[in-house]
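**Student:** The chain contents come next:
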Amino acid sequence: MKTLAQQKKRTGLFFISPTVLILILVVLVPLIFSFVISFFNYTLVDPSFDRFILFKNYSTIFQDTYLWNSLKITLIFVFTVVPLEFVLGFFIALLLNRNIRFKGLFYTILTIPMVMSPVAVGLIWKMFLHADLGIVNYIFSVFNLPSVNWLGSNKIALLTIILVDIWHQISFMILILLAGLKSLPKEPFESAKIDGASNTQSFFYITLGLMRPVISVAILIRVIFSFKTYDLVYTMTRGGPGVSTELISYFIYKKTFMGMDFSQATAISYVLFVIIMVIVIFLFREMSGRKWD
Amino acid sequence: MYKKILIIFITLAVIVSMGVAGSGCKSAVTTEKADTATQEAASGAKGEVTLRMLMEDIPATHAVEALLPEFTAATGIKVEFEIVQYMDMHQKLVTNFMSPTGQYDVIEVDNYWAGEFPATGWIIPLDDYIKRDNFDVSVYIPAMLDMVGYFPRTGNNKQIYMLPIYSYSMGLLYREDLINDTELQETYKALYNEDLKVPETLEEYVQQCRFMQENAGVSGSAMQGGRGDPIVMEWSNYLFALGGDYYDENWNVTINDEKAIKAVELYKENIQYGSPEGALSFALDDALRIMSQGKAYSMISYIIMLPLLTDPEQSTVADSTRMIPMPGELGLAGGWGWAIAANSQYKDESWEFIKWVESAEIAKKRALNDSTPARIDVCEDADVIAKYPIYPTMLKVISKSKPIPEFLYSAEMVEIVGRELSLICSGEKTAQEGLDLAAKELEELAVKAKLK
Numbered sequence: 001m002k003t004l005a006q007q008k009k010r011t012g013l014f015f016i017s018p019t020v021l022i023l024i025l026v027v028l029v030p031l032i033f034s035f036v037i038s039f040f041n042y043t044l045v046d047p048s049f050d051r052f053i054l055f056k057n058y059s060t061i062f063q064d065t066y067l068w069n070s071l072k073i074t075l076i077f078v079f080t081v082v083p084l085e086f087v088l089g090f091f092i093a094l095l096l097n098r099n100i101r102f103k104g105l106f107y108t109i110l111t112i113p114m115v116m117s118p119v120a121v122g123l124i125w126k127m128f129l130h131a132d133l134g135i136v137n138y139i140f141s142v143f144n145l146p147s148v149n150w151l152g153s154n155k156i157a158l159l160t161i162i163l164v165d166i167w168h169q170i171s172f173m174i175l176i177l178l179a180g181l182k183s184l185p186k187e188p189f190e191s192a193k194i195d196g197a198s199n200t201q202s203f204f205y206i207t208l209g210l211m212r213p214v215i216s217v218a219i220l221i222r223v224i225f226s227f228k229t230y231d232l233v234y235t236m237t238r239g240g241p242g243v244s245t246e247l248i249s250y251f252i253y254k255k256t257f258m259g260m261d262f263s264q265a266t267a268i269s270y271v272l273f274v275i276i277m278v279i280v281i282f283l284f285r286e287m288s289g290r291k292w293d
Numbered sequence: 001m002y003k004k005i006l007i008i009f010i011t012l013a014v015i016v017s018m019g020v021a022g023s024g025c026k027s028a029v030t031t032e033k034a035d036t037a038t039q040e041a042a043s044g045a046k047g048e049v050t051l052r053m054l055m056e057d058i059p060a061t062h063a064v065e066a067l068l069p070e071f072t073a074a075t076g077i078k079v080e081f082e083i084v085q086y087m088d089m090h091q092k093l094v095t096n097f098m099s100p101t102g103q104y105d106v107i108e109v110d111n112y113w114a115g116e117f118p119a120t121g122w123i124i125p126l127d128d129y130i131k132r133d134n135f136d137v138s139v140y141i142p143a144m145l146d147m148v149g150y151f152p153r154t155g156n157n158k159q160i161y162m163l164p165i166y167s168y169s170m171g172l173l174y175r176e177d178l179i180n181d182t183e184l185q186e187t188y189k190a191l192y193n194e195d196l197k198v199p200e201t202l203e204e205y206v207q208q209c210r211f212m213q214e215n216a217g218v219s220g221s222a223m224q225g226g227r228g229d230p231i232v233m234e235w236s237n238y239l240f241a242l243g244g245d246y247y248d249e250n251w252n253v254t255i256n257d258e259k260a261i262k263a264v265e266l267y268k269e270n271i272q273y274g275s276p277e278g279a280l281s282f283a284l285d286d287a288l289r290i291m292s293q294g295k296a297y298s299m300i301s302y303i304i305m306l307p308l309l310t311d312p313e314q315s316t317v318a319d320s321t322r323m324i325p326m327p328g329e330l331g332l333a334g335g336w337g338w339a340i341a342a343n344s345q346y347k348d349e350s351w352e353f354i355k356w357v358e359s360a361e362i363a364k365k366r367a368l369n370d371s372t373p374a375r376i377d378v379c380e381d382a383d384v385i386a387k388y389p390i391y392p393t394m395l396k397v398i399s400k401s402k403p404i405p406e407f408l409y410s411a412e413m414v415e416i417v418g419r420e421l422s423l424i425c426s427g428e429k430t431a432q433e434g435l436d437l438a439a440k441e442l443e444e445l446a447v448k449a450k451l452k
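Read top to bottom, the protein sequences are chains H and E. Here my numbering is used: position 188 in the first sequence is 188, and no number is missing along the way. Here my numbering is used: position 266 in the second sequence is 266, and no number is missing along the way.
None of these hints come from the bench; they were simulated from the model. Backbone N, C-alpha and C define an ideal beta-carbon position, used for all residues, glycine too. Mixed in with the good hints, there may be bad ones.
Pairs of lysine to any residue, SDA-like flavour, derived with a Cα cap of 20 Å [claimed, not checked]:
| hint | chain 1 | residue 1 | chain 2 | residue 2 |
| --- | --- | --- | --- | --- |
| 1 | E | K448 | H | D50 |
| 2 | E | K268 | E | G243 |
| 3 | E | K131 | E | Q159 |
| 4 | E | K452 | H | V45 |
| 5 | E | K387 | E | E313 |
| 6 | E | K450 | H | L44 |
| 7 | E | K295 | H | P146 |
| 8 | H | K103 | H | F91 |
| 9 | E | K450 | H | T43 |
| 10 | E | K448 | H | T43 |
| 11 | E | K92 | H | Y253 |
Selected chain E positions facing chain H (Cβ under 10 Å, derived; list incomplete) [unchecked claim]:
| hint | residue |
| --- | --- |
| 12 | S219 |
| 13 | G225 |
| 14 | G427 |
Between the sequences and the hints, there should be enough to build the whole structure, so can you do that?
**Tutor:** Okay, structure coming up:
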């Protein structure tokens, strides 16, 4: 005799099974398929599983100095854009959470970059930042400031990509944090005010504490997505000058479609996957306040 | 309970993925059968056939697009163009070729891929069609047919995989008004004890660029030093001008020999002293804007840029822009060819299209609409020359150029050389260090392609 709880569980499983099955087909199967590929010599020129080479793809990629360079640049990129987007985004979200005029207009303006495709963003900013004919350097010249070689200098190009990415992605951070701020209960703030807490104290001891889950989600999503940044590099610098902006996603793209080497590309993708997972688990544990066992 | 379900799902997923993997081995065999079946079905309903093509967004494509209703009226076959930027084409085509039945039938092949696509079997030989319909290939500029026609380019086994569409060989575009400026001529004479004239060697050209940058108030050369194909295409002109090459005739690497080192040093010198500030990030469009706005003395670029730069509506220096073949030995040849995808369902219909678009009548109509011809008869046609007096110049540029090595890994070769050139020009490596590493990797590519 089945209990009601068991019957409910079975009904629930029945209803979610199509979704789970589709998810397995479109997520898990490609993941496993690409994992299998990474142990074979499977190329676009010879897409077969004739040669099983175990860890050779992994040992080969780790000997590639340009891969290490890409990993380093990617880490610099991720751990620069995410904190900056968070700090700026939180600041703007706090401003928008107050009673100010033209709030709707600000929302609209802030949402525009988020709905633009990254390719369009890259192409537009490439024109704006043209060292000789771009509007940014023209504005600099109006104020007698020296022109900047935004994309043609190996010392500045990565910073330029970082700034454009912040411009593009900060609205995501603002909207998520603003939604979190809007949903905060008013009572703790009122109690704190009665107890004589200043605005700064309320912010650090109440707002930040209550916002912790929202902040965690926003940062985790941005960390994952910024590891996968590809379009801006593709449209603006192609990894150059030199290898100064060669993020790991662009490196994988080159291996796949120019080197036509699926196996090595998937091996690198799995290395990236492991790195992202480790960072995400670490951040999740830290930010959710769970202690390591 | 949940753990059991999860284990079952993962097991199923592994089995399914292994099954997919296994089917990959058989795809080459099954594809052919599927192709034959679908082709038979297609030929029975010819009136409903729609050919799909991936085309680059350039004037030559729009010239063909405007004529497509004529083809449909004559054959009943519809044609759909998917027009994209060059940088998106290779990726889209390679992905398409991996599928047993592709979505593109007629393929527009850049000479960069003219070794890769036939070697992988992604496009089919056209010899049988050419023979069957007595299609005359002798009308093409021989250099074009060698570059985007035959594969391999030499030897007894060569077959025709493509018919040339148009050339984009490179030469030197320069400002005649600056060369003829008496004040500049006097200053140049005083500085170098030489006459300021149209350059005849690469060294003279680089010297002139620096001079113009320092004395004429313009950049010496609107260079396209962006990483990837822009820098490689431009630098190849320097290399070929000095008589260098990537490989010798036996596929031994020569990219780090004395000529190549000198070509890199001259290129870097021009980037540093004779080009706009952002040149190391420039692609063609960035450099073109500089040149067309009269902000540069010269530009090493494609012959297809000449009509644009001599058009007063698009260029402020239309009257004074001239083009010559690359100073020195040779320039870089480039061009496109028509091919038929091996995984197309409509191979016969694709050939019908190629035969039509390359007929003398249609080729002339295209030439009269901004599409540089690949056929000699069209190049020499009186009506065409009357509208485009620059075509004889283009012929000279094409005849004094040669392409990059065409083999299975040409695209990867370009990426490797582009990366090292960019590192050298941004000061992170010496010319010798960069080219030595490029040579090592090019050697590996030649071995991987079974050329040695």
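**Student:** With reference to the structure, classify each hint as holding or not holding.
**Tutor:** We went through each hint and held it up to the structure:
Between E/K448 and H/D50, the direct Cα distance comes to roughly 17 Å. Compliance with the 20 Å bound is thereby established for this hinted pair. Simply put, E/K268 and E/G243 have alpha-carbon atoms about 18 Å apart, close enough for the 20 Å limit, and the pair holds. A threshold of 20 Å between alpha carbons decides the hint, and for E/K131 with E/Q159 the separation of about 12 Å falls inside it, so the pair holds. For the suggested pair E/K452 and H/V45, the alpha carbons sit about 18 Å apart, so the restraint of at most 20 Å is met.
A threshold of 20 Å between alpha carbons decides the hint, and for E/K387 with E/E313 the separation of about 16 Å falls inside it, so the pair holds. A C-alpha spacing of about 16 Å is found between E/K450 and H/L44, which places the hinted pair at or below 20 Å, so the restraint holds. For a cut-off of 20 Å, the pair hint linking E/K295 to H/P146 stands: about 19 Å separates their Cα positions. For the hint pairing H/K103 with H/F91, the CA-to-CA distance comes to about 15 Å; that is within 20 Å, so the pair holds.
Using a Cα cut-off of 20 Å, the hinted pair E/K450 and H/T43 holds, with the two alpha carbons roughly 15 Å apart. Straight-line distance between C-alpha atoms of E/K448 and H/T43 comes to about 12 Å, which keeps the hinted pair within the 20 Å bound. Distance check on the hinted pair: E/K92 and H/Y253 sit about 12 Å apart at the alpha-carbon level, within 20 Å; holds. Satisfaction of the interface hint for E/S219 is found here, the shortest Cβ-Cβ separation to chain H being roughly 8 Å, below the 10 Å cut-off.
Hint status for E/G225: holds, given a least beta-carbon distance of 8 Å to chain H, under 10 Å. A cut of 10 Å between beta carbons decides the hint on E/G427: the least distance to chain H is about 8 Å, and the hint holds.
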